[in-house]
Structures are given as structure tokens and as C-alpha cells.
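Trainee: Sequences listed follow chains A and X, in order.
Basically the working numbering = 1-based index in the first sequence + 1319.
Basically the working numbering = 1-based index in the second sequence + 1.
Source of the hints: derived by calculation from the structure; they are not laboratory data.
Source: prediction; values computed, not measured.
Watch out, some of these pointers could steer you wrong.
[Claimed, not checked] If you only want the chain A side, here are some residues facing chain X, beta carbon under 10 Å, derived:
1. 1421
2. 1423
3. 1447
4. 1464
5. 1500
6. 1501
7. 1529
8. 1530
9. 1532
[As the list claims (entries may be wrong)] So these bits of chain A aren't anywhere near chain X, every CB distance computed over 10 Å:
10. 1369
11. 1455
12. 1487
13. 1569
14. 1600
15. 1614
16. 1646
17. 1648
Ideal Cβ positions, reconstructed from N, Cα and C, are used throughout, including at glycine.
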Amino acid sequence: MPNPSHPAIAAGAHPFPHSHLIGLSSLKPWEMLFLLDEAEQWVELNRGRAKHDNRLSGLTQINAFFENSTRTLLSFEIAGKRLGADVVNLGVQGSSLKKGETLLDTALTLDAMHPDVIVIRHGSSGAVQLIAEKLRCPVLNAGDGRHEHPTQALLDALTIRRRKGRIAGLTVAICGDILHSRVARSNFQILASLGASVRVVAPPTLLPTNVEALGVEAFTDMDAGLKGADVVMMLRLQTERMDGAYVPSTREYFRFFGLTEARLRHAADDVLVMHPGPMNRGVEIDGAIADDLVRSAVSEQVEMGVAVRMACLDVLTRARRGVPDWPLLPVSGVGA
Amino acid sequence: MTPLVLKGARVIDPGSGFDGVATVVVRDRIIAEVNSDATAMVPPGAEIIDCAGLILSPGLIDAGVFRADPSACHVGGITRVVLMPDQQPPLDDPALIAFAKSVGKPDVWVHPLVAATQRLEGHELAEIGLGQAAGAVGVATGRSAIASSAVMHRLLSYSRAFDMTVVTHAEDAALTAGAVATEGDYATRLGLAAAPPFAEAIAIARDIRLAEATGARLHIRQVTTGEGLALVRAARARGVAVTAGVTPTHWLLNETAVADFRSFARLSPPLRTDEDRRAVVAGLADGTISVIASGHDPRTQEDKRLPFADAQPGMAGAETLLALALSLVRDDVLPLAAVLRAMTAAPAALFGLAGGSLSLGSPADLMVFDEHAPWRIDRDLFTGARNTPFDGLPVAGRVRMTIKGGELVWRG
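I would like the entire structure built from these sequences, with the hints used as guidance.
Mentor: So this is what it looks like as C-alpha cells:
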């Protein structure tokens, strides 16, 4: 149920008037909160013995991943199956794009199979929106280029809220390859919308120009960036960017931007350490910190991921399932 | 061929400065008479066309298109195009130049530019002299800059011996590698690979210095930043033979047009900040930019209906060139004659072309237009490719007649 205490909901705003979830940049704060609230019930269900609900029974969910993924794909597959959907995965290997078919032809092919929800990951910014314009069913963005990864940011926010009891007023330091990160961009949106102050910490070569325009404070000195932080979110640094292209070497990166015990002392005493995975131990994060059950929320993030994705799949399919008060919105064009 | 008598139009010849109501007589494919006291000799059998209330000028010369598109050119009042060497295959061979030169006749004359380097790869010089002998009117580096300063140096000194203008693309190759947008808030927000705007100034500074050293004539096809324009302005003031061009996109649109990942706004150079856009307007106003072109680059659905970063850059511009250029007159940036000069006499002088003038004996390449006719750009009504970022824009100024070589080829 939508949180009735939120003024916008109390004033009659629909909790989620979107046909797709392409990015968080177009969501209102209470719409983000609604998705987080919805996810709570699935956290409980997933911890129980009978992890099953039938509300998506008879619906077809296609996970179309045009970029390699193990964790996110698995998370979406489990989320769909626990809700009773028939889940089909289309990996990049099985894709006709390999045979020269255009992306939009692939989209039309998928559409002709009458899916009820499509989860898309693609390596180009804006690609998911482009495909969504050709589909007659809800589209969930599982990451497009450097643009957005909305479910990752939702699961991060849910993790923080459960651990800290709130998001407003917290200081969150996002560290690492901000330039190439869709996770960072989506997190800026949700964390700032929900009242956290967001810092980014990275070498200048991995910071986008004028990143401050997105409402974050930029640091190139990690100790300064971590000072007093309530949450430290580490980002993965891809190995191909460490050989002199953006930073000189792995060891130099770890020396100045790796999360170590000593460095973490600059943060708040009850700091929460997060990482979207997969981790490069010894490159961006010291293994001991990642394994510290008190401070590290890495495993919990994975757990919240399934719950958040269940919530998104449920909410996006409500209109076509005929749930009362969920009108069918036009799905051509971008609703999200 | 039937002689034409065009009566009652306001005749503007930007080359000579003539501007007044006059009768223009066309005979044997040339301009036989321009007479302002209504006593023009009407040749026997001539077709008399009433042009009252309209403006008659030389047909437009579109300096730097990627495809000669006769139907789009006619709609746009374009009678000659300067063709970029970025063809399949690139125009790096005299036989290809000769062929490219012939394809548009008689509807639109194509003046090819010879590729500066073999296969446009930026390494070895192409046969520039033989290209000129085959009909090339200039040399061009193509869609991208030549990365190597040594190759560029040699190109400019070699071209000078043939007295050919060298047309360059001003973006530092390494800084812009992989980039699809200008660095800034919008690119960051959308997660697009972006290059700093000063990539243009770096390329321009190098090329101006090399032009100065070699005495070559340099034409920078598109200058789109304030910093780049300042370099051109300063170089021109000290007598360097450098000219600058631009297309309407860079004075009418800024980086916000890429919001929603509209691939029709994927251009090269990319759209800039509004500060740079305003600098382009100022550069037009003070004459630093002397050539206006459409940059006509028709693209298919397959090239454009792709994620922004994967789409090919370029826009279809021939049909909208005049109407968009006339916005400069309405916005008091330039007088009408100056806007027309940037699309007629200026490119004609730069490449040594016969058109772009109404002087007696000139080829009868003419355009008759209604300066104020309002219309809305509708890409579905385009005759050819439809990739315009201006779809839906209300504009004013419509070509009513295009006359090529004394023949009325389009009337609308």
C-alpha cells in the first residue's frame, strides 16, 4: 500500500503513474518511496520457507540482456519466478544482433511474442528508451550504457533505509569510476531526491566534467571525501581502465582510492560499506572490509535486489492484470 | 531553349551589391540582362514570369554536402553543391572525381573536393593535383581532422602549389575519439561519451599556424565554439588566409536538443552550450563566419534509428537551408544581402566557381523566393532523407522557383 502519510499521496497523487521504469530521473520522490515500501513485503517473503506468490501467474517476462550480466540477470529471473511469471532469458549470445539484425527489429520480434513485461540491459545510453518506444508492454531498464540502472539504485536505497532507518540527512560518499557508471547516476537521483547529501570521490580522470551540476559534491582526495560519511558506496573499476588509460596502475589506484581500514576511519563510526558487485578485492576495496558483517552490506544489497525487482515487476504489471485503481497508461512513447 | 524574362522581383546580387526591383533576362543559359528601368528587351518567344513581391538572387551554392540530392536541392533553391570526399569509395582518385563531377548535371552542378589523404585515412597524401585536373575545386580532410600535424603540414604546403583551398574539420582527433556529445551537464546526465569543447580550438590553433607557415588557404567548414571563433578572428586580423563556415544547427540549437537521446541531434561537431551558440551568432554578425552551408548529410533509418551513441552523425539540410538562414535577417544578425552572400558569392569565391553572381554572362543559376512565406518544417514532406532535428519548427521564407542553367527546374 502507498504510504498514506506522504502529502502527495494524501492529496490524491497516483503512487506510480508510469508504464515503464527507464530511469529514476523522471520519478517523483514519493514514487521512489512507494517502490521501496512495496519491496519490504518481498524481503519478508524471500526470507521465509515458501518463497512463492502467484500474482504474475500466466504472464510472460522476457529478460533481454544485450550486454553480459550474471548477477542482475539472475536477480531478475528469480524475482519473476517467485511471482509466478513465465520467465524467458535472451542473452547476447542468442541474440540475432549477432547476425546483423537491427536493435529495433529485435524489439519488434520480441513484441510480437506478446510478452507482459520486458527487462532490458544494453551497452548504449538511451537504448532501453529507444526499444521501449517500439514495445506494447512495460519495460524495465536493467542498465543502459552509462545512463541509468534504476533497480540498482532502488536496492541501494532500500539497503540504506533498512540499515540506517532513514535516508534523509545522511552523507553518502560514492567512490570510484563515476565517469562510466550508470549505478552512480541513478544513485545521485534517488539519494538526492530522498534528502541525502551525496559526495563523489574519484581521480579527476574518472569524474565527469561539472558533475556538481547533478547535485553532488566532488572530491579527489579520498580521506577528505570520506570524512564523516554515513555510507560509503564503492564502485567497480573495470580492469581495462586501469592500465594507463584512466589511472596508471592497479597498485597506484588502490594506494590512493582503495577502501582500506585506515581510510575508513575518516568516516562515521557506524559507517555502512556498500558495493554493487562484482568486487575487485585489493583494487577498490580491501577484502577484510567487504567481509565485515557489521559494516559491509554487500550481501544484503544482493538480497534487497531480488525484493526491489519483485516490487517493480508487480507494480509495472498491475494495469494489465486489472488491479483496481491501476489504469492502463499508453505504453507507446516513454511513460517512465 | 526558351528565353526567360523574370519581371517585377526585388533583385539582390550580393556579389555586386545590387539591390532593387529589376527585370532579369535569361538567354542561352546565361544572364543576358539585368535592367532596373523596365525597358528590358524581351527576346522573341520568351516566357515571361511575373515575380512581383518576390526576391530574385543567384541560386545557392551549398559549400560542403555529403550527398548531391537534386530534388532536395531544387526545393531548397540550391543550384550548385560542393561535394565532400566522404563517399563510398572516398574521392581520392581522379576517375572518382570526374564521375562525381558529372552525376548532378544538368539539374545540380556538383563540384567535388578531392580527399586530402588516401582513403581519407589521414596518412598518405592523395593525388591532389590530378584530382584538380579532373575537376576538384578544393581539398578536404573529410568528416574528421588529420591527426598528424606532420601530414597536415605537408598537405597545406602541397595544396598551396595548386592554389587549392583546404577544407578542414576542426576537432582534435584524439580528444574526440569515441565522443558523441560536448562535455557538460547534458552529456553527464545522459551518460554520453563526451569530448571537451576546446577540442575544436586546439585543432583550429594548429591548422591556422600551419596555414600561416605555408601560405595555404584554409577553410574551416564548421566553427562552433566561441574559443574557435576567437582564433579565426585574430588570424584573419593579421592577414592569414583562413575562412570559417557553419551550418544552421550550430546557431539555432544547443546541447539541450540531445535530451531524450534524439539521434537526429547527433551531429559532428556535436551541439554546444548556449554560450557557444551565441558566439556563433556573434561570429556571423561580425563576418568571422563568412560561409553558411547546409551540411546536407542524408541518413537512412538504419543509420539513425539507433541508440544515440551508435547512430551516425549528420542531418538532411538542403530543403531547409534558406528558411533557417533567413532567421538571421529576422533576428537582426545580418542584412539579407549578407546572408545571401554567405550562400552564393562567398563560397563561389572560395572555390573559384562561376555561379553565385548575377553579372552579365554568368550562368543563369537563379533562385526566386518569398522572404516571409510562413511554413512549418515537416520531415514527412521532404523529398529525400528525413533526418532533420528541426521537424515541426515554424519558419518563414520559401523558395518559389529554382532556375538552373536557364531552365526552370522547380516551382513551388
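Trainee: Return the numbers of the hints above that this structure violates; sort them in rising order.
Mentor: No numbers; nothing is violated.
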